[in-house]
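Numbering-wise (my numbering), the sequence shown opens with residue 5 and increments by one.
FYI, nobody ran anything at the bench for these hints, they're computed from the structure.
All values derive from a computational prediction rather than experimental measurement.
Be careful, since some hints might not be right.
Here are the simulated DSSO-like pairs of lysine-lysine, each with C-alpha atoms no more than 30 Å apart in a straight line [as the list claims (entries may be wrong)]:
1. K497 <-> K550
2. K479 <-> K497
3. K405 <-> K564
4. K405 <-> K445
5. K472 <-> K405
6. K386 <-> K497
7. K564 <-> K365
8. K515 <-> K550
9. K497 <-> K405
10. K386 <-> K365
11. K386 <-> K445
12. K564 <-> K445
13. K479 <-> K550
14. K550 <-> K494
15. K472 <-> K153
16. K349 <-> K365
17. K472 <-> K122
18. K128 <-> K479
19. K494 <-> K343
20. K120 <-> K564
21. K308 <-> K343
22. K349 <-> K153
23. K515 <-> K445
24. K343 <-> K365
25. K370 <-> K576
26. K479 <-> K494
Estimated spans, in silico, between C-beta atoms of each pair [what the hints assert, rightly or not]:
27. Q71 <-> I103: 37 to 43 Å
28. I103 <-> E614: 54 to 60 Å
29. L637 <-> Q71: 17 to 23 Å
30. S366 <-> R595: 21 to 27 Å
31. E501 <-> T253: 27 to 33 Å
Glycine included, C-beta positions come from ideal geometry on N, C-alpha and C.
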Amino acid sequence: MPFGLKMGNRKNLVHRILTPRLLRRNEEKYRETEALVKKFKKEQTDVRKPFADDSPEKEEGTGEQIQHTVRDFCEQTTFHGVNMIFTTTLFWVRVLWVIISFICIGLCLYSFSHIKAKYDRQEKIVNVELMFESAPFPAITVCNLNPFKNHLARSVPEISETLDAFHQAVVYSNDATMDELTGRGKRSLNDGPSFKYLQYEPVYSDCSCVPGKQECIAQTSIPRSLENACICNYDRQDGSAWPCYSAQTWEKSICPECNDIGFCNVPNTTGNGNIPCYCQLAMGYCVFLPESRVRRVWEFQGNKIPEKGSPLRKEYLEQLTQLGYGNMTDQVAITTQAKEKMILKMSGLHPQRRAALGYGKSEFIKMCSFNGQQCNIDTEFKLYIDSSFGNCYTFNADPNKNLTSSRAGPSYGLRLMLFVNTSDYLPTTEATGVRLAIHGKQECPFPDTFGYSAPTGAISSFGISLRKLNRLPDKNCYNEDSPPRDNIYKEYKYEPEGCFRSCYQRRMIGKCGCADPRFPNPWGRSPWCDSRNSTVLNCLTTEGAKLSLKNRCRCIHPCKQDQYTTTYSAAKWPSASTQSHCEDQSKDCNRYLHQHAAMIEIYYEQMSYEILSESESYSWFNLMADMGGQAGLFLGASIMSVIEFLFFAVRTFGIACNSKRWKQKNERLRAEELNDAEKGSSTNNN
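Given these sequences and hints, build the entire structure.
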């Protein structure tokens, strides 16, 4: 075959093969272009068409678009129950999957509630760490169990009256019955003498009178009646009643003037006053007459009560009720109440005066050693005045000094010999010995609440162990950086006991209008309560009981706290062979120390301490992990499923917003076309 013929045939063959393909390709491009043009023209027509969005076709298109989006989500979601409901074609299968899905959702929500409850309990794990090193030595506060010296306290009229009333109540409790006190009316306690600090006062006493002489001798026995008694001039300082004269020879009168100690000028002499007094005119002797009832010697010095049938018995019982001991025959309860009254009255005194009534540092602390070395008692002990125990002294109170024990054991701790002098104890002090508190250097001692008692005649050993607590800084503890502003112990660190006392003081100020003298009053906005006022005392007692019963104070622990645990042991002291503490080296000295002194030892039992730190038992991360596990177990869902749902919600919201925007835009175009049509019609009319 010729070459040219071959080439021509080859071209025809290629043309016949490629032409249909090119035509089909061109036709497809043409159809696509034509469709785009039609779509563009339709959009332009729809934009200019009035009332386009009000057509049912448009609304139906938007609804179909949202419906299509929902169906796509339900068919593709990883929430297995939803997927099965929308993909199945059988009705009963769809109903079955709906029931199963609701059951699984209920179980999932139920498990969520349990997980959330576990998280809300805020359970904690306590990690214990044992530190093998020297622990800082705590502060030690020591007090005498007897707060004030008896002979000095009786020089204070308020204390003397309180002790006399206590004596009267104790004497009656020995043989009185409850029935005799029931139903007795109370008299006002505000009828006290006007002059509280007079030295002399008239008192009734049973007397032994010498025939032919007017002067009599006072006795503590009970007379048959007041007419058979005598009236004596009673010296409050030394407790003597002299001179005494028959009661029938005394007359109530009005004296022109009385001096500071209670003696008055007889009537019709110099002076401008109008003062009631008792006068023995035959001797020219007058004393100030108190506004209240004249006291009876047999009530506060005697050991008996008036017998049944005596005209003085009823008066005696009424006086006992007036003093606040009505219906009380238990001596323990009487002593407790007398202590409270005395503490209130002593707290009302000036701090310097209270300190003068107590025990001095050198008088109380006789010997001291720490870590095997002698202490400097004058410089290493700081005075702390406690409302219950009077003068207390704190060792290691300087926060700038860090004392540590070189070894464990009594010889390397603090050893004290304390002299309490039991011969000068108040009658309300029930035990002989000392009170001590072990606390941090920046913490308030509170010996009445957290203290330990040690008896005289014994060597008391207190082995201590330190435990440091680090709590999680949450709502259940106070952080040191943000202590409560209303704490009345501002010079000390926050403690729950200080918080409760601060709450109590705020309540007393709010309810009684005055501050309890037993606790600090740093705000200074209210005066101290007058312990001589019965109304104030009743308010303090009543409101204090209400506060304790209703527990209105929310006091929590500090986030960081040092706790000292104590073990106690004791042995008789001093021994017969030990006479180093006695100057005369006699057995009488040892007996004297056994009665009036105590030896104290405070030391670390071991040279290590514990650190207890709290950590979360169930954190927020555990909460999310458990909830995710339950969601995967019951629903087959995960974080990705949640993200899918969020995307679906955003997409649906976008479709709805776009539809709203198109509607608003078409309304504007319709309004413009209407305006144009109105303008055109007006132009044609013109």
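Review point. Any hints this thing doesn't respect? Which numbers, in order?
Key: 7, 15, 23, 27, 29 and 31
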